[in-house]
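Work out the full structure: start from the sequences and follow the hints.
Each protein sequence line maps, in turn, to chains A and B. Every letter in the first sequence is one number past the one before it in the numbering used here, and letter 213, counting from 1, is 221. Every letter in the second sequence is one number past the one before it in the numbering used here, and letter 3, counting from 1, is 8.
In short, the hints are calculated from the structure, not lab data. Being a predicted model, the structure only gives us computed values, none of them experimental.
Listed below are the simulated DSSO-like cross-link pairs for lysine-lysine, each with C-alpha atoms no more than 30 Å apart in a straight line:
no., chain 1, residue 1, chain 2, residue 2
1, B, 33, A, 149
2, A, 149, A, 215
3, B, 33, B, 13
4, B, 13, A, 234
5, A, 234, A, 215
6, A, 234, B, 32
7, B, 309, B, 242
8, B, 33, A, 215
9, A, 215, B, 32
10, A, 44, B, 236
11, B, 242, A, 53
12, B, 32, A, 149
13, A, 149, B, 309
14, A, 215, B, 309
15, B, 13, B, 32
16, A, 149, A, 234
17, B, 236, A, 53
18, B, 33, A, 234
19, A, 215, B, 242
20, B, 236, B, 309
Rough simulated footprint, nothing fancy, chain A against chain B, three-plus residues with beta-carbon under 8 Å:
no., stretch
21, 37-51
22, 125-138
23, 200-208
Here are a few chain B residues that sit away from chain A, every Cβ distance over 10 Å (derived from the structure):
no., residue
24, 11
25, 13
26, 75
27, 78
28, 84
29, 113
30, 181
31, 194
32, 226
33, 230
34, 231
35, 302
36, 310
By construction, the Cβ of each residue, glycine as well, lies at the ideal position given by its N, Cα and C atoms.
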Amino acid sequence: MTDQKITLKPTLRSRVSKRFLQWGKGMEVLVRDPDKQRVLASRIKQLGLTLARFVILFGLSFVIVYPIIQQVAIAFRAPEDINNVAVVWIPETLSIENFRIAMAALDYWTAFQNTVFLAFFATLLQVASTSLVGYAFARFKFPGHNLLFILVLLTIIVPPATLAFPQFLYFRRAGLLGQPGAIFLMSGLGMGINSGIFIYLFRQFFKGIPLELEEAAQVDGASAFKIFYTVMLPNARGAIVTVALFAFVWQWNDSYFSGMFISGANVDFPILAHRLTTLVHGLQGTLTTLGIWRLVGQDVTENPLFVSLILNTAGIMVMAPLLIMYLFVQRLFVEGIERTGITG
Amino acid sequence: MVAVNRIKRLRGTIRQRLANVPYLTQKKFWGLVFVMPWVIGFMIFFAYPFVLTVYYSFHEVELRGEIITTFVGMQNFINAFQSLVIDNVIFSRVMVESLQDLMINLPVVLIFSLFIAVLLNTEFRGRAYVRAIFFIPVIFNAAAINIAMSGQFSSYLQASNEDSLFQLRAFQAFLMEMGLGRGLIAFLILSVERIFTIVNISGVQILVFLAALQSIPRHLYEAAAIEGATKYESFWKITFPMVSPMFLTVIVFTIVSTFVNSPITQFITRVSDRFAYGMSSALSLIFFLMNFVVLLIIYLIIRKSVFSYD
Chain A
9 MTDQKITLKP TLRSRVSKRF LQWGKGMEVL VRDPDKQRVL ASRIKQLGLT
59 LARFVILFGL SFVIVYPIIQ QVAIAFRAPE DINNVAVVWI PETLSIENFR
109 IAMAALDYWT AFQNTVFLAF FATLLQVAST SLVGYAFARF KFPGHNLLFI
159 LVLLTIIVPP ATLAFPQFLY FRRAGLLGQP GAIFLMSGLG MGINSGIFIY
209 LFRQFFKGIP LELEEAAQVD GASAFKIFYT VMLPNARGAI VTVALFAFVW
259 QWNDSYFSGM FISGANVDFP ILAHRLTTLV HGLQGTLTTL GIWRLVGQDV
309 TENPLFVSLI LNTAGIMVMA PLLIMYLFVQ RLFVEGIERT GITG
Chain B
6 MVAVNRIKRL RGTIRQRLAN VPYLTQKKFW GLVFVMPWVI GFMIFFAYPF
56 VLTVYYSFHE VELRGEIITT FVGMQNFINA FQSLVIDNVI FSRVMVESLQ
106 DLMINLPVVL IFSLFIAVLL NTEFRGRAYV RAIFFIPVIF NAAAINIAMS
156 GQFSSYLQAS NEDSLFQLRA FQAFLMEMGL GRGLIAFLIL SVERIFTIVN
206 ISGVQILVFL AALQSIPRHL YEAAAIEGAT KYESFWKITF PMVSPMFLTV
256 IVFTIVSTFV NSPITQFITR VSDRFAYGMS SALSLIFFLM NFVVLLIIYL
306 IIRKSVFSYD
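Structure representation (structure tokens):
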């Protein structure tokens, strides 16, 4: 084999890898065999790609995590330290004063219980209704099924604001205004938050299940309902988990519907997300009525930053249960949606 | 005991009757039974309210115990664009701005989420952790966080670390020294500022693309590799067409997920807080039509260029 000069050039297009090459000049002298050179080149390229991927993913993860860490760090700061320039990350005096005030302002325990209650049952109803409808659209060719499915898609793209006022009047007339029943009714009839998306998801999923399963049950004389419960649902665990997670999270975070139909009309049924959005406008008043002004010194409470400090802490407290839940089920999120086969 | 027996007998007769009905007819019947709850819900919570909204939008609506309407024709729509000012905000301006925002965000979210999904789909150490982090925005209450972060809180953050703004300036100066064009610099700075928003609104979209990527059969890539295709080529010839059916899903979701937090929705809420229900109905109808037209245009553009098995 003759002394070949750098044949690496055509395989290495990117500048970065060229740099790497110059940097490893010793290697070129060492590696004369063109095969080995090619291996080396691809190794270097791989390294470059890995580095680029690392930088991008790490940077973006940072963008996501940084505000959360910052919020938490700020929340533990003592109210007196708001303007203390020396405190950047680690609070000088660790204090849960902010949490105590935010809890009082949010009416936390009641609101928390209500939110869990609402989100849990709304999720159950959503899963029940949307899976049933999704199954019907996937497997039964009843008259008008195409038209009805187009209507399902229509419900997805119509903004809630368009329907809100007449719905509000409904609930007022039915005496459901201010009751969780309003949301339960909508969820149970497949018209809850983003129900259209769930129906679509279930339809795609059920379409992917082989027909033979059902036909076997059919031959054995099972009724349609029985097939649905005993054959289809157990096989749809992935889709159910995905839909349940999203339904729960969206219900938890929703302040629009629950604000308008429930806690906006009924002070005795506070919901966390709605409570948080209303705090933004009326925190000062809430704190005054709770008598917190007297707890902390006046020089602190008159500071406009104090209000945002409390808001920030309240925001964390609303999100904290979800974040903790997420730690345990995050695997399900990813795996669930991968198995749902929404790609058809 | 008698009642139970009667029910049992009734079930028996129903079964016998059903047994005589052809299988396909039975299926039609059960299909209708299964969608019935949804149809009822649709009628009560969608169809009728929608008709009512259209009706109210042509009326002056007053709520005094019961609803009193007076017909005003197109007046609400004309006013919406000509003279409606709430809290020093003009409706047409809110509309144009949110449309503009949508037009910028849509392509960026689409490209960004596909790119990240491709990255997350490759094998590397610590992938599970990175994925977990990337889907945190899915569970985050964007509205609440935005509200908490906007206004006073952002000023607070700036007070606590003013250097971040300074760093952005330094970045700008660095780009200037590199001799990049002004337009390019402005774009880069804008995307750096937007990156927080973009990352936070594209969680679900990344999930959708990731699912699509996983469903691409492996053998396609193997065949391409044997034919001598580079990774770059196989991305454009295999990956891109195979995930393209998801584009519309992602676009629809991107638009839909902004509904509730949209400035237009907030504007509408403010209008109905002032008891101008006719006007708010008209505005919400305009909002719907705007989104509908945007989606229709995108659908018409995308429909032809998307790959499908059929």
